[in-house]
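Engineer: Listed here are the chains, written in short residue letters.
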Amino acid sequence: MLFFSFYKTLIDEEVIVELKNDMSIRGTLKSVDQFLNIKLDDISVLDEIKYPHLSSVKNVFIRGSVVRYVHLPAAVVDTTLLEDASRKEAASQAAKAGGR
Amino acid sequence: MNPLALDAAALPSIIFTTAAQLVDCVDRRLLVVLRDGRKLIGILRSFDQYANLVLQDTVERIVVGSLYNDQPRGVYIIRGENVVLVGQTVRLCLIFMIVIAIIVLTPMQDPEKEATPLMKHVSLDEIFEAQQQESDSRRQREELKNSKLIDIGFSIDSQAEDMY
Numbered sequence: 001m002l003f004f005s006f007y008k009t010l011i012d013e014e015v016i017v018e019l020k021n022d023m024s025i026r027g028t029l030k031s032v033d034q035f036l037n038i039k040l041d042d043i044s045v046l047d048e049i050k051y052p053h054l055s056s057v058k059n060v061f062i063r064g065s066v067v068r069y070v071h072l073p074a075a076v077v078d079t080t081l082l083e084d085a086s087r088k089e090a091a092s093q094a095a096k097a098g099g100r
Numbered sequence: 101m102n103p104l105a106l107d108a109a110a111l112p113s114i115i116f117t118t119a120a121q122l123v124d125c126v127d128r129r130l131l132v133v134l135r136d137g138r139k140l141i142g143i144l145r146s147f148d149q150y151a152n153l154v155l156q157d158t159v160e161r162i163v164v165g166s167l168y169n170d171q172p173r174g175v176y177i178i179r180g181e182n183v184v185l186v187g188q189t190v191r192l193c194l195i196f197m198i199v200i201a202i203i204v205l206t207p208m209q210d211p212e213k214e215a216t217p218l219m220k221h222v223s224l225d226e227i228f229e230a231q232q233q234e235s236d237s238r239r240q241r242e243e244l245k246n247s248k249l250i251d252i253g254f255s256i257d258s259q260a261e262d263m264y
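First to last, the sequence lines map onto chains Z and W.
Per the working numbering, the very first residue in the first sequence carries number 1; after that it's consecutive.
Per the working numbering, the very first residue in the second sequence carries number 101; after that it's consecutive.
So here's chain Z without its partners, still in its complex pose:
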């Protein structure tokens, strides 16, 4: 659930989502869910010549399973906080595994 929470902190930031079919979509992150499905607003496709069918589309729901990368603005990522949260998550996972 760490990345779900992390994505929630990025709401309203501008991101670029690269899909597994090599299409890249820039837009404002509006929502994310447990599968890391992503909803983007005010989108623009980076290679509009290659994908003209999206030129009239203004907001998209992208299925989490087809996402390859999400490019984030460096300024909005608190890496120390993220590292901390990762350690905590790992520790709680380990505690759970040990308790079994």
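Everything labelled a hint here was simulated from the structure, so no lab data went into it.
Among these hints, one or two may not hold up.
[Said to hold, decoys possible] List time: in silico BS3-like cross-link candidates among lysine-lysine, alpha-carbon distance up to 25 angstroms:
hint: 1; chain 1: Z; residue 1: 50; chain 2: W; residue 2: 245
hint: 2; chain 1: Z; residue 1: 50; chain 2: Z; residue 2: 20
hint: 3; chain 1: Z; residue 1: 50; chain 2: W; residue 2: 139
hint: 4; chain 1: Z; residue 1: 8; chain 2: Z; residue 2: 58
hint: 5; chain 1: Z; residue 1: 20; chain 2: Z; residue 2: 58
hint: 6; chain 1: W; residue 1: 220; chain 2: W; residue 2: 139
hint: 7; chain 1: Z; residue 1: 8; chain 2: Z; residue 2: 88
hint: 8; chain 1: Z; residue 1: 30; chain 2: Z; residue 2: 20
hint: 9; chain 1: Z; residue 1: 20; chain 2: Z; residue 2: 8
hint: 10; chain 1: W; residue 1: 245; chain 2: Z; residue 2: 20
hint: 11; chain 1: Z; residue 1: 58; chain 2: W; residue 2: 220
hint: 12; chain 1: Z; residue 1: 30; chain 2: W; residue 2: 139
hint: 13; chain 1: W; residue 1: 139; chain 2: Z; residue 2: 58
hint: 14; chain 1: Z; residue 1: 20; chain 2: W; residue 2: 139
hint: 15; chain 1: Z; residue 1: 58; chain 2: Z; residue 2: 30
hint: 16; chain 1: Z; residue 1: 50; chain 2: W; residue 2: 220
[Stated by the list, open to error] Ranges of calculated distance between the beta carbons of each label pair, as one might list FRET restraints:
hint: 17; chain 1: W; residue 1: 233; chain 2: Z; residue 2: 48; range: 15 to 25 angstroms
hint: 18; chain 1: W; residue 1: 171; chain 2: Z; residue 2: 42; range: 22 to 32 angstroms
hint: 19; chain 1: Z; residue 1: 46; chain 2: W; residue 2: 234; range: 20 to 30 angstroms
[Said to hold, decoys possible] Example chain Z residues on the side facing chain W (calculated, C-beta under 7 angstroms, incomplete):
hint: 20; residue: 24
hint: 21; residue: 26
hint: 22; residue: 37
hint: 23; residue: 56
hint: 24; residue: 58
hint: 25; residue: 63
Where is the CB? At the ideal position from N, CA and C, for every residue including glycine.
For this one, chain Z is given, so just place chain W on it according to the hints.
Structural biologist: Same frame as chain Z, now just chain W:
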């Protein structure tokens, strides 16, 4: 206490579930892109947490370069795993304005089909021909690439169509 703050706490404006993301798309005409590259445009009537979708009055938009043709297809139940993205087009009032502009400018054309300004609507025969040309040239490029790779000692994996 600030009543606005209270409201925000009681009713979080964004609920982070698949349902919340898709519920405002219901009863709207959407563009759905599938994993095999097909583009379906239909009215979303139902969905679930896997992004399984029900589309009504669907047309399949065959796109080759900047040419396209819409084929009526009917009702679709799409299994969620095949969905790449679900796109909402510009709001109805904007489409309406564009439609009005197009009716004024080109009275002979079907206004709905011109909602995508970069693309040109062509007949089924023309789109099939363009599709054929595109797949031929892709195959030629592929064969050339493979022969070059074999020349320098690479083996060729079977070319998977599905990139996902």
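Engineer: Now tell me, hint by hint, if it's right for this structure.
Structural biologist: Here is how each hint holds up against the structure:
For the proposed pair residue 50 of chain Z and residue 245 of chain W, the alpha carbon gap of about 21 angstroms is at most 25 angstroms, so the pair holds. Taking the CA atoms of residue 50 of chain Z and residue 20 of chain Z, the gap is about 15 angstroms. The hint holds against a cut of 25 angstroms. Under the criterion of a C-alpha separation no larger than 25 angstroms, the hint pairing residue 50 of chain Z with residue 139 of chain W is consistent with the structure, at around 14 angstroms. With a C-alpha separation of about 21 angstroms, the suggested pair residue 8 of chain Z and residue 58 of chain Z falls inside the 25 angstroms cut-off, and the hint holds.
Distance check on the hinted pair: residue 20 of chain Z and residue 58 of chain Z sit about 21 angstroms apart at the alpha-carbon level, within 25 angstroms; holds. With a CA separation close to 16 angstroms, the supplied pair residue 220 of chain W and residue 139 of chain W stays within the 25 angstroms bound. The suggested pairing of residue 8 of chain Z with residue 88 of chain Z holds, with an alpha-carbon distance near 18 angstroms, which does not exceed 25 angstroms. Distance restraint check for residue 30 of chain Z and residue 20 of chain Z: the Cα-Cα separation of roughly 21 angstroms lies within the 25 angstroms cut-off, and the hinted pair is therefore satisfied.
The straight-line distance between the Cα atoms of residue 20 of chain Z and residue 8 of chain Z is roughly 22 angstroms, inside the 25 angstroms bound, and the hint therefore holds. Straight-line distance between C-alpha atoms of residue 245 of chain W and residue 20 of chain Z comes to about 22 angstroms, which keeps the hinted pair within the 25 angstroms bound. The straight-line distance between the Cα atoms of residue 58 of chain Z and residue 220 of chain W is roughly 20 angstroms, inside the 25 angstroms bound, and the hint therefore holds. Note on residue 30 of chain Z and residue 139 of chain W: the hinted pairing holds, with a Cα-Cα distance of about 23 angstroms set against a maximum of 25 angstroms.
At roughly 16 angstroms between alpha-carbon atoms, residue 139 of chain W and residue 58 of chain Z fall within 25 angstroms of each other, so this suggested pair holds. In summary, the hint linking residue 20 of chain Z to residue 139 of chain W is supported, as the alpha carbons are separated by about 16 angstroms, within the 25 angstroms threshold. The straight-line distance between the Cα atoms of residue 58 of chain Z and residue 30 of chain Z is roughly 12 angstroms, inside the 25 angstroms bound, and the hint therefore holds. Proposed proximity of residue 50 of chain Z and residue 220 of chain W is supported: the alpha carbons are some 14 angstroms apart, at most 25 angstroms.
About 22 angstroms separates the C-beta atoms of residue 233 of chain W and residue 48 of chain Z, a value consistent with the hinted range of 15 to 25 angstroms. Judged by the Cβ atoms, the range 22 to 32 angstroms given for residue 171 of chain W and residue 42 of chain Z holds: they are separated by roughly 30 angstroms. Against the hinted window of 20 to 30 angstroms, the Cβ-Cβ separation of residue 46 of chain Z and residue 234 of chain W comes to about 21 angstroms, which satisfies the hint. Among the interface hints, the one on residue 24 of chain Z is violated; its C-beta lies about 12 angstroms from the nearest C-beta in chain W, farther than the 7 angstroms criterion.
At its closest, the beta carbon of residue 26 of chain Z sits 14 angstroms from a beta carbon of chain W; the interface hint therefore is violated under the 7 angstroms criterion. The closest approach between the C-beta of residue 37 of chain Z and any C-beta of chain W is roughly 6 angstroms, which is under the 7 angstroms cut-off, so the hint is satisfied. Taking 7 angstroms as the C-beta contact cut-off toward chain W, the hint placing residue 56 of chain Z at the interface holds, the least distance being around 5 angstroms. For residue 58 of chain Z, the interface hint holds, the least distance from its beta-carbon to any beta-carbon of chain W being 5 angstroms, beneath 7 angstroms.
Here the hint on residue 63 of chain Z is kept, as its CB sits about 5 angstroms from the closest CB of chain W, short of 7 angstroms.
The structure shown violates the earlier hints numbered 20, 21.
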